[in-house]
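Chemist: Sequence order for the protein chains is A and B. Heads up, the first sequence is in this note's numbering, so the first residue is 1 and it goes up one at a time. Heads up, the second sequence is in this note's numbering, so the first residue is 304 and it goes up one at a time.
Mixed in with the good hints, there may be bad ones.
For lysine to aspartate or glutamate, the following DMTMM-like pairs were computed, each having C-alpha atoms within a straight-line distance of at most 25 angstroms [what the hints assert, rightly or not]:
1) Lys-191/A / Asp-568/B
2) Lys-494/B / Glu-224/A
3) Lys-386/B / Glu-365/B
4) Lys-191/A / Glu-527/B
5) Lys-191/A / Asp-307/B
Hints in this document: simulated from the structure, not taken from any laboratory.
Number of protein chains: 2
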Amino acid sequence: MTSDVTLCECFARDGLQHEPQFVPTATKRALVERFAALGFPRVEATSYSNPKVVPQFADASELLKSIERKPGVFYKATCANVKAVERALADLEAGSGANEISLLVSATESHTRKNLNRTRAEQWRNIADTVAAAGGRFRLVGTISVAFGCPFEGAVDPARVLGFVADLAAAGADEVVLADTVGVGVPRQVKHLVSEAVKLAPRVGVHLHNTRNTGFANAYAALEAGATVLDASVGGLGGCPFAPRATGNISTEDLVYMLHGEGIDTGIDLAALITVAEWLEGQLGRQLPGQVYRAGTFAPVAA
Amino acid sequence: MTSDVTLCECFARDGLQHEPQFVPTATKRALVERFAALGFPRVEATSYSNPKVVPQFADASELLKSIERKPGVFYKATCANVKAVERALADLEAGSGANEISLLVSATESHTRKNLNRTRAEQWRNIADTVAAAGGRFRLVGTISVAFGCPFEGAVDPARVLGFVADLAAAGADEVVLADTVGVGVPRQVKHLVSEAVKLAPRVGVHLHNTRNTGFANAYAALEAGATVLDASVGGLGGCPFAPRATGNISTEDLVYMLHGEGIDTGIDLAALITVAEWLEGQLGRQLPGQVYRAGTFAPVAA
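Using the sequences and the hints given, assemble the complete structure.
Modeler: Listed below in structure tokens is the structure:
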């Protein structure tokens, strides 16, 4: 198994996206800076969404401007369209933007329409336009939603997903992330898709949800198959509006526990990360899906 | 990956062991019969524990007598000592006993003392005595507790665990189950221990807890390494008194979801199993650790 794994802490974007309460910019800033300090090489910081649609990220520019940067860390922002890229560029030119952006496609027509309000043909024109607008100024991550199953269409043809991986790479993506948006995937799917995707894209990651308790088995299978980027969210927060009873992303601290047990040096301070989950539980006033922060850490393999 | 997997539904024993309320015998009987009807080839039914220590199983004989048997199904009872085996034998001779019993050892001295109130030397004399008392009348499962880590001693030497596997096989165990009693194990441990254990015992199983969200990745790794028996508990109930904040066993319905997704035909009716988890949630009045019963099932791989 590879030891070259990049963990992307997604809490500040995916974890917060559906929190009804606006989280103050100062709190977001503190969290993003904390994640970088804990050792994450990549932190998903915000989304250049339309503030009317996602008010949680109305402070995207303000937040990115406030963050004290740690050298070598990539701060990612989601950019769903050309307008978002133009905002990201303006912030970059002012010296305070994201240095990585993610572009979104959906694997199915129905999810494209409901999530991005586009047809599939339009989503590919949008990708071409956003890549052109980005002008090579950002590291580009192409994310394929519902790659392992769609809440509207059911099973998704893996050949179509792999075609999209190739299309994103051809469009200029430095990395392609396969997202199990509604948490339905199983290890053999992950193994198949990742092992083929690594032949088509410069770098392949997975964005997994633990909705049906397959998330960590899927992460393990993804690493076995050659994925080198894993998204996760502290406490296991985050989710999808089309899967309302669903648990969110795989929890970062639980993933780090497993990876350290596997002998993979993530460079992340697990004990300190657990204190963030504990703090979040207090802030949100509810038990989080993550488990290591409750059970405590352990070193199952003697050093 | 093997398609020869025996799932053992442990709810009626491990799931109930620490429930403070006594569950009526009729309810236990209905559950055990339901599990058999749903397709489980093996159902852990009860434990011949000392009723003063574990009052939940004071009705072991009465329960086993009441159960209408399904041909081909193994009904397992835990037997911690000779006295327990004598009770199991008496029930068997009356035509209503368990046809499989599990014998217990712990991988560490401290856990042996605290869990079984014996030294390690005594526990091996106890194994010899219980096997002799069983007289070849039962299928014998040897279970090794804290095989992946001990709450008192930390990391456990895998060579010692493998020595115990060989000892149990030599003592007459038809199967050896490696138990992650406090849910600390990681896939590489599971892979190593299982792949070596299958060389030493006629059949190897794993009993996994999802305490740190590694349970399903561990189940996947166990199957890859040649395990052919997986314990699980509907709803993910059960636990260990020495890990009080811990989630219990891996949830059966989530495991079945993953296995069916992997293309493994367990013979179990997942939709009906989900209704059992839903019913249990209502009975216990709390959300269970299992996730598929909340999120709903899905067929991620087209038939």
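Chemist: The structure should be examined with respect to each hint, and the outcome stated for every one.
Modeler: Evaluated hints:
1. In summary, the hint linking Lys-191/A to Asp-568/B is supported, as the alpha carbons are separated by about 19 angstroms, within the 25 angstroms threshold.
2. Of the supplied pair hints, the one linking Lys-494/B and Glu-224/A holds, its CA atoms being roughly 13 angstroms apart against a limit of 25 angstroms.
3. Restraint check for Lys-386/B and Glu-365/B: the C-alpha separation of about 17 angstroms stays at or below 25 angstroms, so the hint holds.
4. For the given pair, Lys-191/A sits about 13 angstroms from Glu-527/B by alpha-carbon distance, which is consistent with the 25 angstroms threshold.
5. For the proposed pair Lys-191/A and Asp-307/B, the alpha carbon gap of about 21 angstroms is at most 25 angstroms, so the pair holds.
In the structure shown, no violation is registered for any of the earlier numbered hints.
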